[in-house]
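Peer 1: Same order as they appear, the protein sequences are chains Y and X. Per the working numbering, the first sequence starts with residue 1, numbered consecutively. Per the working numbering, the second sequence starts with residue 1, numbered consecutively.
Note that these hints are calculated values from the structure, not bench results. The reader is advised that the hints may include incorrect statements.
Computed cross-link-like contacts, DSS-like style, restricted to lysine-lysine with a CA-CA straight-line distance of at most 30 Å [unchecked claim]:
no. : chain 1 : residue 1 : chain 2 : residue 2
1   : Y       : Lys395    : X       : Lys153
2   : X       : Lys338    : Y       : Lys112
3   : X       : Lys221    : X       : Lys94
4   : Y       : Lys112    : X       : Lys335
5   : Y       : Lys338    : X       : Lys112
None of the values given here were measured: they were computed from a predicted structure.
2 protein chains.
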Amino acid sequence: MADLEYLFHPRSVAIVGASRDPHHLTNRLFTEALLNFGFKGKIYLVNPKTSEILGLKTYANLQEIAEPVDCVLCSIPAPLTPQLIKECVTKGVKVVNIFTAGFSETGTEEGKRLEREIVEIARRGGMRLIGPNCMGIYSPSTNLTYDIDLSPKSGSVGVLCQSGGHSYEIIIRGNARGIYFSKAISYGNAADLNETDFLEYFTQDEETKIIAAYIEGVRGKRFAKVLAEAARTKPVIIFKGGRTEAGTKAVASHTGSIAGSELIWNSVCRQLGVIQVYSIDEMLDLLVAFTQMRIPKGRRVGILGVGGGASVQATDECESHGLIVPRFPMELRDKLTKSTPQVGTSLSNPVDTSIGTFWNTEALFESIKTISYSNEVDLLLIYLNVVYAGFRLYKETNQSTLEVIVKANQSLDFPMALALLPTEKIVGNELRVEEIEAGLPIYYSLSSAAQAISKFIKLINSAREE
Amino acid sequence: MADLEYLFHPRSVAIVGASRDPHHLTNRLFTEALLNFGFKGKIYLVNPKTSEILGLKTYANLQEIAEPVDCVLCSIPAPLTPQLIKECVTKGVKVVNIFTAGFSETGTEEGKRLEREIVEIARRGGMRLIGPNCMGIYSPSTNLTYDIDLSPKSGSVGVLCQSGGHSYEIIIRGNARGIYFSKAISYGNAADLNETDFLEYFTQDEETKIIAAYIEGVRGKRFAKVLAEAARTKPVIIFKGGRTEAGTKAVASHTGSIAGSELIWNSVCRQLGVIQVYSIDEMLDLLVAFTQMRIPKGRRVGILGVGGGASVQATDECESHGLIVPRFPMELRDKLTKSTPQVGTSLSNPVDTSIGTFWNTEALFESIKTISYSNEVDLLLIYLNVVYAGFRLYKETNQSTLEVIVKANQSLDFPMALALLPTEKIVGNELRVEEIEAGLPIYYSLSSAAQAISKFIKLINSAREE
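Pulled out of the complex, with its shape left as it was, chain Y reads as follows (with noise of 0.2 Å):
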């Protein structure tokens, strides 16, 4: 096992490649995101044809620099990628993220032989690469990054990616659902570090309490010991790219990987105890509820909100997706008729309360309290739709009853969940989400809550009986 941690903690980076004009891509991803995110050690620019950019001075080639260089970033197209490599051996660079594409995943035999080349310099100089085709490193407590709008702020799911794309939309939307990550790595065509390895370090890396991943293709077979190490250690959460016929090829494409039979990953995962989604929706869903939502002790679930409607969609989806939603004794109908009105609503759970019952905050709070305090259920789910007409015309409301909610989470120690609809912007649905960061967990959709919800339980309970 390979100890990747100095990955994080590079002394100097250099950006091979940086462009002459400064706002092309590589500049902003790499050389401003740098400097803005505070990475606290050297920032070296290699571009033979230029002596400044972005205010830094430049330098020829590697050599060049007097200083130690542990990081190399590659911005440089492929065919011109192993003489840079062997300037990185020379140079006793530790690692080289490379962002060129144009390698194995071209199908083409001379991107399959540039490939290989780079991977054997790299090897007989004792040096490591990241990619090739891949943006390379995200660790906010170590101020790296690949972009500028990625939170410097750190947390507990570390993250490996074999999509740029995919990697982006995980953290930047994860971030404004509140999620925060260790670290990031983005590793495209896994030409030498490849998934086993950073699933490796994540098993093992304090920072790191969750793992989430995006696999296109599997090298070798101690990926499956590795995993289910993993899985023994922390939640892992897989989203699988190339499941279908067409996928696989597709995969080929992208990162020249093997996609592998979609029954063996299947039954591997359920085996082992990983969770596995099918988009980043569900992903971050996930995620949402590892990171903010406190442990049901079971499966019963209450469900609260306005609209019988929706109440009626919330109970199914919750039961189709293996939680229970048990009808409350008339004992605790009872106490919940005094902050709600018996006509127009439901008392008996799913709970359709009065519209104002949301209106009012001390009725809501006790409603919530009620539920939470009845030992009939072991969680709660609130949905809010503020498409409603209620909501919608007094919108002036809205902001006041999720602060309920959020207060309502933070002061019942019991773990509830809120289902806020829909997503589009629309009129009266600009509440300020940022409660969030106050952690209660947030849903965009009532299906969506009640799957992450129940897969999140189903992962807990298998753990807590082990």
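Since the structure of chain Y is already known, use the hints to place chain X on it.
Peer 2: Only chain X this time, still in chain Y's reference frame:
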């Protein structure tokens, strides 16, 4: 069969239970909304405790109104309704929309008795009831509405909806996605007029080209026959509430309905060619296809976008939902190289093109045209993920990219759709999606696009085979 056309053409509406408080929900939903919506008939407000509301004279009771009243909106407490229904009969009212709740859905003997009583009075008097526990009728072509935010623009979709909240969500979120409605009926407990009556009406209504329904329970054996006729005549999309055991109980509490067996329901829908959906999102996704997409001749889909992970996902989603993603022959790939560089891209379908192609309006148009005219596919799915670095960091280009796609959709006679990702309001996602008014079908996830388009093609094809 009752001819229900008159329901949508009342010469006058009386709102019984109009509140003295001008900001009260009843006034905002009915009085204010009808005034704003340009209702051409007379509006009478009935409230014995005041003389004027929102500038309109009020009446102590119906008999005080000298002119005929065609429609009554009832918003008084349930125990008072039998007396009102009698007065309506005396007055010669044709239909009463009963907004009031507190009937059979309460589960109490008194609630059930009250509901039976008002139905008996109405039937004896030859008058029809909608509801109780419902919103009533939205009919933009005759300026009827039950909310101030529903679009005055008419369209081709007829909606019958057993939940008032769901009906708001369908109309308002539908409007935001370029879907417009012929009529929508929120019919609650369906004590008198019910799903069968409304489905029969929409089957013969010329303004309605597609029928969408949310149904919790079905009354009487005539329904299956009417549904068969409806599905033979027009596309019918149904979202059924109460699929699970607890959902069945929730349905009883919501509208007093009997949900029935899910197995029987599924088999009836399958036999009759009715499209089943499981959420309003999915219903809207399908309506986007039916109202905005050209009809594909087959199931072969071309995929075009930027981002390898997304291209793999789009392929997996399309294939797993029953579409076919054929590999492009070398000849077509060669043509595509004219508008796409070959490094960091894949041209074999999915076409994972360069960000430069999406920034270059001519190259993008050319790529779309080349695929559309190739005879290799029957439709084109384009994806644009504005969270990706290029689209996010150079966001001024996104609007022109979107405009090219709109233009291509308008000028090339070829079925296409756009997956615009992601939905959350994040950096860079500030596109003016009013472009949907231009008839471009837009989806907010790859899976929803693939699922809706596949179901759309399946129904169209089966209709074609008959």
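Peer 1: Confirm or reject each hint.
Peer 2: Verification of the hints:
1. Lys395(Y) x Lys153(X): 24 Å, holds
2. Lys338(X) x Lys112(Y): 24 Å, holds
3. Lys221(X) x Lys94(X): Judged against 30 Å, a Cα distance of about 26 Å means the pair holds.
4. Lys112(Y) x Lys335(X): Since the Cα atoms of lysine 112(Y) and lysine 335(X) sit roughly 24 Å apart, the hinted pair holds (cutoff 30 Å).
5. Lys338(Y) x Lys112(X): 24 Å, holds
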